[in-house]
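Trainee: Assemble the complex: chain A is given as a structure, and chain B must be docked to it using the hints.
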Amino acid sequence: DQQVKQNSPSLSVQEGRISILNCDYTNSMFDYFLWYKKYPAEGPTFLISISSIKDKNEDGRFTVFLNKSAKHLSLHIVPSQPGDSAVYFCAASVRRIQGAQKLVFGQGTRLTINP
Amino acid sequence: DVKVTQSSRYLVKRTGEKVFLECVQDMDHENMFWYRQDPGLGLRLIYFSYDVKMKEKGDIPEGYSVSREKKERFSLILESASTNQTSMYLCASSLSGQGLYEQYFGPGTRLTVT
Chain A
1245 DQQVKQNSPS
1255 LSVQEGRISI
1265 LNCDYTNSMF
1275 DYFLWYKKYP
1285 AEGPTFLISI
1295 SSIKDKNEDG
1305 RFTVFLNKSA
1315 KHLSLHIVPS
1325 QPGDSAVYFC
1335 AASVRRIQGA
1345 QKLVFGQGTR
1355 LTINP
Chain B
5 DVKVTQSSRY
15 LVKRTGEKVF
25 LECVQDMDHE
35 NMFWYRQDPG
45 LGLRLIYFSY
55 DVKMKEKGDI
65 PEGYSVSREK
75 KERFSLILES
85 ASTNQTSMYL
95 CASSLSGQGL
105 YEQYFGPGTR
115 LTVT
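Going down the list, the protein sequences come from chains A and B.
Under the numbering used here, think of the first position of the first sequence as 1245, with each following residue one higher.
Under the numbering used here, think of the first position of the second sequence as 5, with each following residue one higher.
This is chain A alone, in the form it adopts within the complex (with noise of 0.2 Å):
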């Protein structure tokens, strides 16, 4: 059962242009969201997150939205540029009082940006 989905496997994008990426999850016990962003032979790297008290992050040209009531959080990017070419993984936290933080991950979406 996937409590985090990304509906869309990819996604392309002129450069320039806004790219929104979409992060859909079940589990209303999540309070902290994350957003990592991979390119291939590398591993992920965090980009920004977002705490469940909060509906809006912001980070230079990174902006995550969040959504409780719908259990929705969105990436925007903008302007896009080609580096941002690379796979982003949304990724959803249940707090806990001890021990390691598990995250659980979306598919993920690759995001292609044309020139």
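Don't read these hints as lab results, they were simulated from the structure.
Heads up, some of the hints might be wrong.
[To be verified] In silico lysine-lysine, DSSO-like type, Cα no more than 30 Å apart, as pairs:
(1) K74(B) x K1249(A)
(2) K1281(A) x K61(B)
(3) K1315(A) x K1249(A)
Mentor: What follows is chain B alone, placed relative to chain A:
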């Protein structure tokens, strides 16, 4: 900078072989994780460890075991490799504590079982 290294980038093994995948992190992180990445399935957690000699099953532990004898090193063991364990294996580490969610990943090991 956190550095997570994995012993091999590419590995080819035969069905039935015992396979060891090694992961080392240099940032004194308490937590370490093993994932596999498959097309259309994303990253799935196999096992994780929150302290030396401590481990917990993830979502897909069947066919795997782990070992953590030292804080910086976390090994994934395939007791008897099968073709359905052909995958990209990713190791990650993180700090322990409330509000600390970010995991740092190694470059991955692409394992092919023939």
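Trainee: It remains to establish, for every hint, whether it holds in the given structure.
Mentor: Results for each hint:
no. : hint                : verdict
1   : K74(B) x K1249(A)   : 35 Å, violated
2   : K1281(A) x K61(B)   : 25 Å, holds
3   : K1315(A) x K1249(A) : 11 Å, holds
Of the numbered hints listed earlier, the single one contradicted by the structure is hint 1.
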